[in-house]
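Peer 1: Here is how the chains run, residue by residue.
There are 2 protein chains.
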Amino acid sequence: MRILSTVPQEDGYTMPAEFSKHYGCIMIFPHRRDSWQNGAYAARKAFAQVIDIISRSEKVIVCARYDDYDSARSMLGDNVRVIEMESDDSWARDVAPTFVSSGKDIRGIDWGFNAWGGLYDGLYFPWDKDNKMARKLCDMLDKDTYNKRSFILEGGSIHTDGEGTILTTEACLLSKGRNPHMSKEEIENELKRYLGGEKVIWLKSGIYNDETNEHVDNICAFTSPGEVALAWTDDKSDPQYKMSQSCLEILENSTDAKGRKLRVHKLPLPKPVTITAEECDGLDDMNGEPTRTPGERLAASYVNFYISNAHVIVPQFGDENDGKALEILRPLFPTKEVVGVYARDILIGGGNIHCITQQIPYFEN
Amino acid sequence: MRILSTVPQEDGYTMPAEFSKHYGCIMIFPHRRDSWQNGAYAARKAFAQVIDIISRSEKVIVCARYDDYDSARSMLGDNVRVIEMESDDSWARDVAPTFVSSGKDIRGIDWGFNAWGGLYDGLYFPWDKDNKMARKLCDMLDKDTYNKRSFILEGGSIHTDGEGTILTTEACLLSKGRNPHMSKEEIENELKRYLGGEKVIWLKSGIYNDETNEHVDNICAFTSPGEVALAWTDDKSDPQYKMSQSCLEILENSTDAKGRKLRVHKLPLPKPVTITAEECDGLDDMNGEPTRTPGERLAASYVNFYISNAHVIVPQFGDENDGKALEILRPLFPTKEVVGVYARDILIGGGNIHCITQQIPYFEN
Numbered sequence: 001m002r003i004l005s006t007v008p009q010e011d012g013y014t015m016p017a018e019f020s021k022h023y024g025c026i027m028i029f030p031h032r033r034d035s036w037q038n039g040a041y042a043a044r045k046a047f048a049q050v051i052d053i054i055s056r057s058e059k060v061i062v063c064a065r066y067d068d069y070d071s072a073r074s075m076l077g078d079n080v081r082v083i084e085m086e087s088d089d090s091w092a093r094d095v096a097p098t099f100v101s102s103g104k105d106i107r108g109i110d111w112g113f114n115a116w117g118g119l120y121d122g123l124y125f126p127w128d129k130d131n132k133m134a135r136k137l138c139d140m141l142d143k144d145t146y147n148k149r150s151f152i153l154e155g156g157s158i159h160t161d162g163e164g165t166i167l168t169t170e171a172c173l174l175s176k177g178r179n180p181h182m183s184k185e186e187i188e189n190e191l192k193r194y195l196g197g198e199k200v201i202w203l204k205s206g207i208y209n210d211e212t213n214e215h216v217d218n219i220c221a222f223t224s225p226g227e228v229a230l231a232w233t234d235d236k237s238d239p240q241y242k243m244s245q246s247c248l249e250i251l252e253n254s255t256d257a258k259g260r261k262l263r264v265h266k267l268p269l270p271k272p273v274t275i276t277a278e279e280c281d282g283l284d285d286m287n288g289e290p291t292r293t294p295g296e297r298l299a300a301s302y303v304n305f306y307i308s309n310a311h312v313i314v315p316q317f318g319d320e321n322d323g324k325a326l327e328i329l330r331p332l333f334p335t336k337e338v339v340g341v342y343a344r345d346i347l348i349g350g351g352n353i354h355c356i357t358q359q360i361p362y363f364e365n
Numbered sequence: 366m367r368i369l370s371t372v373p374q375e376d377g378y379t380m381p382a383e384f385s386k387h388y389g390c391i392m393i394f395p396h397r398r399d400s401w402q403n404g405a406y407a408a409r410k411a412f413a414q415v416i417d418i419i420s421r422s423e424k425v426i427v428c429a430r431y432d433d434y435d436s437a438r439s440m441l442g443d444n445v446r447v448i449e450m451e452s453d454d455s456w457a458r459d460v461a462p463t464f465v466s467s468g469k470d471i472r473g474i475d476w477g478f479n480a481w482g483g484l485y486d487g488l489y490f491p492w493d494k495d496n497k498m499a500r501k502l503c504d505m506l507d508k509d510t511y512n513k514r515s516f517i518l519e520g521g522s523i524h525t526d527g528e529g530t531i532l533t534t535e536a537c538l539l540s541k542g543r544n545p546h547m548s549k550e551e552i553e554n555e556l557k558r559y560l561g562g563e564k565v566i567w568l569k570s571g572i573y574n575d576e577t578n579e580h581v582d583n584i585c586a587f588t589s590p591g592e593v594a595l596a597w598t599d600d601k602s603d604p605q606y607k608m609s610q611s612c613l614e615i616l617e618n619s620t621d622a623k624g625r626k627l628r629v630h631k632l633p634l635p636k637p638v639t640i641t642a643e644e645c646d647g648l649d650d651m652n653g654e655p656t657r658t659p660g661e662r663l664a665a666s667y668v669n670f671y672i673s674n675a676h677v678i679v680p681q682f683g684d685e686n687d688g689k690a691l692e693i694l695r696p697l698f699p700t701k702e703v704v705g706v707y708a709r710d711i712l713i714g715g716g717n718i719h720c721i722t723q724q725i726p727y728f729e730n
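Protein chains in written order, with the working numbering: chain A, 1 to 365; chain B, 366 to 730.
Take these hints with a grain of salt, some might be off.
[Claimed, not checked] Under the rule of at most 16 Å between Cα atoms (straight-line distance), these lysine to aspartate or glutamate pairs were calculated in the EDC-like manner:
#1 K143/A to D443/B
#2 K129/A to D432/B
#3 K494/B to D67/A
#4 K129/A to D435/B
[Claimed, not checked] Every beta carbon over 10 Å from chain A, so not counted as near; a handful from chain B, in silico:
#5 Q414
#6 V447
#7 I448
#8 P545
#9 K636
#10 T641
#11 I693
I should point out that these hints are in silico values taken from the structure, not numbers from a laboratory. Glycine is no exception: its CB is placed at the ideal position from the N, C-alpha and C atoms.
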């Protein structure tokens, strides 16, 4: 593995869309007791369901801490690779490499990771194990890596259509806990140079109470070039209403890198999902303080789906909109099977199915 | 990766000779402060030299603990893969899988490992990290593994010619710290079933003061089918004299699995190599006791070489026989380059170049 200091776009490497063909998917076996209730027992079962579906059409590589290897190995299928790797938490989207492709080969971008805000408003300290994962994953895959640790970015804060358009949120990328010394224009430029984009569409905000500073992958995702799914509510009393409304206006008034007007598919949100006292009881404190309080609203959204080679795997919450979300997504992915996985036990950790996955694009060599 | 409970020979898998074509080689970045002087600093440099030579003709995979990854990565070449894996010490020969091949694909055997003797006369406790490596290495390589943890065996205690002949020592395999509940015949049978052999040649002993209970890979190695190199001394006052003499008699009176008489090439030993007080000072105690004492004789032998696709890498000790050993080996490997590496800093840990390597046979898929 070479550790590169060049720029992907200049090297002819760009980030493919998630709906392009994959080699596989990276995930992390959950373990953090202040993120996942009851020693991550329920989360592991939910992760295993997601892993099982993804592994039917692409190679899943699951990172497990030394202490968790045996548990992961016995819980997961023979077709899944479990590799030893220390981590602070389990959000592969944000700590695994963002892969860029030349069309034939791939390389991984090793962004800086600071637990969604570092000492300003990050969610845990320290985060060094997470920050070191991207490079090690490239090494394990025998693929070169771009060293971009000087720039703080999580994979969940960006989406691309693979045709030059990048989607992100100001709430996250311009937050003080990321790259506060850089202007919006400078940040946009880095996104273009590293992901190979020509146009960045900036949404203002994401999902209400999303502790990632409102990652785009919880509010809006490309379903194909020129088409996006947007998390939506018609309830004007919900603080999410104005946030989604603002996104819709921006999207409807934007054209993508190819000059197309975007087609927006509204995905209704579930009714507010709040954590129970019993669930909070199952969480360890962090530095003597609880990480969640009973009644706290979690950032539930159907947009947080993962697109594998054969499936679209969509979070379900036991809500009346669960089925509706699947029905809306089905015609948008005519060649894939749209399936739901009950994901409350993932959501308790703060994110969802998209957040716990990171696709590895297909490569020839 | 499937964890198999079947038997390689019955599945059509046998262990190829080390001089057959390799896919690559597994090694472990040294770290143990009671095995390697000065925080393993000198050993790392010696390992890196070996890795560099091997990596010119095959893929080297180096296991590094979480804490050592960055050091390993910066010390080793771009063409070397560094993967995170915890270990108790750094003897890949004894803790990495023994690979068997069908001719097209390979599988790894996961023997039980107990630090060369367990609670009877093992060299450290605990040894659980080492014992877990073989399975994880198969998982990382995406190759099926045979679960044979119920049988204690180290890779350094066996050699094969790839044509049905297995070489081992009674001193090691019949020692009370290995499989004392099994008879010699039962042990021989397991070797044949797992390595795919038809004949086991039992040497009585290995190298004097070899703390592995005298592994065969320090005293005798196949250089081609029907030919072996044997560590030798003409000094009758050396306790090694009778040990090597006994091996020679057995080898000269044996035929291999194909019925050939063995041709024995004597490799002279260096003069006794003893550890200095200064070197001992650089070693941490283990449980409050020193691991070596000044003047202790180390198990130095030129037979502890590694055969890569392009090289034979031979330990050197700054002894007048260093060059002679290379000269004797050169005509035995006409298609390879025979090179020496100064290996005192590896020897201090107890073994040598062969002990720190484990070949991965070539495979098609």
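Peer 1: Hints first: check each against the structure and report whether it holds.
Peer 2: Now for the hints, and whether the structure bears them out:
1. K143/A to D443/B: 10 Å, holds
2. K129/A to D432/B: 10 Å, holds
3. K494/B to D67/A: 10 Å, holds
4. K129/A to D435/B: 12 Å, holds
5. Q414: 20 Å, holds
6. V447: 5 Å, violated
7. I448: For I448/B, whose nearest Cβ neighbour in chain A is about 5 Å away, the distance does not exceed 10 Å, so it is violated.
8. P545: At about 27 Å from chain A, P545/B clears the 10 Å cut-off, so the statement holds.
9. K636: Given that every Cβ of chain A is farther than 10 Å from that of K636/B, nearest at about 42 Å, it holds.
10. T641: 36 Å, holds
11. I693: 37 Å, holds
Taken one by one, the earlier hints fail for this structure at numbers 6, 7, listed in ascending order.
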